[in-house]
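**Q** Chains as they are written, first to last, in our numbering: chain A, 1 to 112; chain C, 1 to 115.
Think of the hints as simulated: they come from the structure by calculation, not from any bench. Source: prediction; values computed, not measured. For glycine and all other residues, C-beta sits at the position ideal for the given N, C-alpha and C. It is possible that part of the hints are untrue.
Ranges of calculated distance between the beta carbons of each label pair, as one might list FRET restraints [as the list claims (entries may be wrong)]: (1) C:Glu-16 / A:Ser-62: 16 to 26 Å; (2) A:Ala-38 / C:Tyr-39: 27 to 37 Å; (3) A:Lys-78 / C:Lys-69: 20 to 30 Å; (4) C:Ser-84 / A:Ala-53: 16 to 26 Å; (5) A:Arg-81 / C:Ser-84: 39 to 49 Å; (6) C:Pro-79 / A:Gln-83: 39 to 49 Å; (7) A:Lys-78 / C:Pro-79: 15 to 25 Å; (8) C:Gln-42 / A:Gln-50: 42 to 52 Å; (9) A:Glu-85 / C:His-82: 35 to 45 Å; (10) A:Ser-62 / C:Ser-26: 43 to 53 Å; (11) C:Lys-69 / A:Ala-20: 21 to 31 Å; (12) A:Arg-15 / C:His-82: 39 to 49 Å; (13) A:Gln-80 / C:Glu-16: 44 to 54 Å.
Examples of chain A residues lying across from chain C (beta carbon under 8 Å, computed) [to be verified]: (14) Gly-28; (15) Val-30; (16) Phe-33; (17) Ala-38; (18) Gln-41; (19) Phe-65; (20) Gln-105.
Some residues of chain C that are not near chain A, with every Cβ distance over 10 Å (derived) [stated by the list, open to error]: (21) Ser-52; (22) Gly-53; (23) Thr-107.
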Amino acid sequence: GAGVSQSPRYKVAKRGQDVALRCDPISGHVSLFWYQQALGQGPEFLTYFQNEAQLDKSGLPSDRFFAERPEGSVSTLKIQRTQQEDSAVYLCASSLAGSEAFFGQGTRLTVV
Amino acid sequence: AQSVTQLDSQVPVFEEAPVELRCNYSSSVSVYLFWYVQYPNQGLQLLLKYLSGSTLVKGINGFEAEFNKSQTSFHLRKPSVHISDTAEYFCAVSLYGGATNKLIFGTGTLLAVQP
């Protein structure tokens with residue numbers, strides 16, 4: 001596609017519910033990143049994929065967070081047993097190796 | 001560890017006036033430097049980047065930034081702002097030669113352009 005596409009744009013989850021956030025990167029982009037942006041803050045790194053390999057997951061805040069990119073294209077960020085502190089905008093970005101990252105519009109998650 | 005500081009959370013300015021958004025970074029190794037803009041309910045768009053070479057970097061929409069290694073700064077400037085420049089601006093760094101090119105962001109500066 002023309003850009004990085006994320007779905008859904010908005011998600012409301014009840015506390016304790018599991019959610020899955022999808023990212024469609026730009027076709028051919030090897031690198032894929034997930035960031036979490038809390039209200040009034042800058043984005044914070046969660047995890048990084050090179051093709052299907054998850055090379056860095058140092059930013060995932062807990063074992064409730066899980067990301068995958070099984071075929072080296074679409075990626076899913078899953079959050080289990082959501083808590084209120086998980087409320088944030090989740091941004092996905094993709095890039096060719098070593099070049100500029102292009103960001104999607106993000107998914108705004110609200111946990112109630 | 002690397003960190004980015006944007007001292008101004010909000011900068012109000014009148015249309016057609018000049019503006020400077022400040023960014024300082026901390027790193028024990030060389031870094032790449034970036035400025036991103038975020039419009040409401042949108043993702044991040046790259047304004048400009050410093051990788052090497054000339055310390056004065058020109059970007060899109062008339063913005064420019066100057067890398068100052070001795071002051072560990074990368075301030076963003078525009079000589080004359082427009083209403084449409086109203087947005088959140090983020091300064092970011094990534095490790096030179098880093099394995100992942102992940103970005104470390106500041107907390108952002110809201111540029112509020114008033115008529």
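**Q** Hint by hint, note whether the structure agrees.
**A** Hints versus structure:
no.: 1; hint: C:Glu-16 / A:Ser-62: 16 to 26 Å; verdict: violated (48 Å)
no.: 2; hint: A:Ala-38 / C:Tyr-39: 27 to 37 Å; verdict: violated (18 Å)
no.: 3; hint: A:Lys-78 / C:Lys-69: 20 to 30 Å; verdict: violated (42 Å)
no.: 4; hint: C:Ser-84 / A:Ala-53: 16 to 26 Å; verdict: violated (41 Å)
no.: 5; hint: A:Arg-81 / C:Ser-84: 39 to 49 Å; verdict: holds (42 Å)
no.: 6; hint: C:Pro-79 / A:Gln-83: 39 to 49 Å; verdict: holds (46 Å)
no.: 7; hint: A:Lys-78 / C:Pro-79: 15 to 25 Å; verdict: violated (46 Å)
no.: 8; hint: C:Gln-42 / A:Gln-50: 42 to 52 Å; verdict: violated (26 Å)
no.: 9; hint: A:Glu-85 / C:His-82: 35 to 45 Å; verdict: holds (38 Å)
no.: 10; hint: A:Ser-62 / C:Ser-26: 43 to 53 Å; verdict: violated (27 Å)
no.: 11; hint: C:Lys-69 / A:Ala-20: 21 to 31 Å; verdict: violated (44 Å)
no.: 12; hint: A:Arg-15 / C:His-82: 39 to 49 Å; verdict: holds (43 Å)
no.: 13; hint: A:Gln-80 / C:Glu-16: 44 to 54 Å; verdict: holds (51 Å)
no.: 14; hint: Gly-28; verdict: violated (17 Å)
no.: 15; hint: Val-30; verdict: violated (11 Å)
no.: 16; hint: Phe-33; verdict: holds (6 Å)
no.: 17; hint: Ala-38; verdict: violated (10 Å)
no.: 18; hint: Gln-41; verdict: holds (6 Å)
no.: 19; hint: Phe-65; verdict: violated (16 Å)
no.: 20; hint: Gln-105; verdict: holds (5 Å)
no.: 21; hint: Ser-52; verdict: holds (13 Å)
no.: 22; hint: Gly-53; verdict: holds (16 Å)
no.: 23; hint: Thr-107; verdict: violated (5 Å)
Going down the numbered hints, you'll see the structure goes against 1, 2, 3, 4, 7, 8, 10, 11, 14, 15, 17, 19 and 23, while the others check out.
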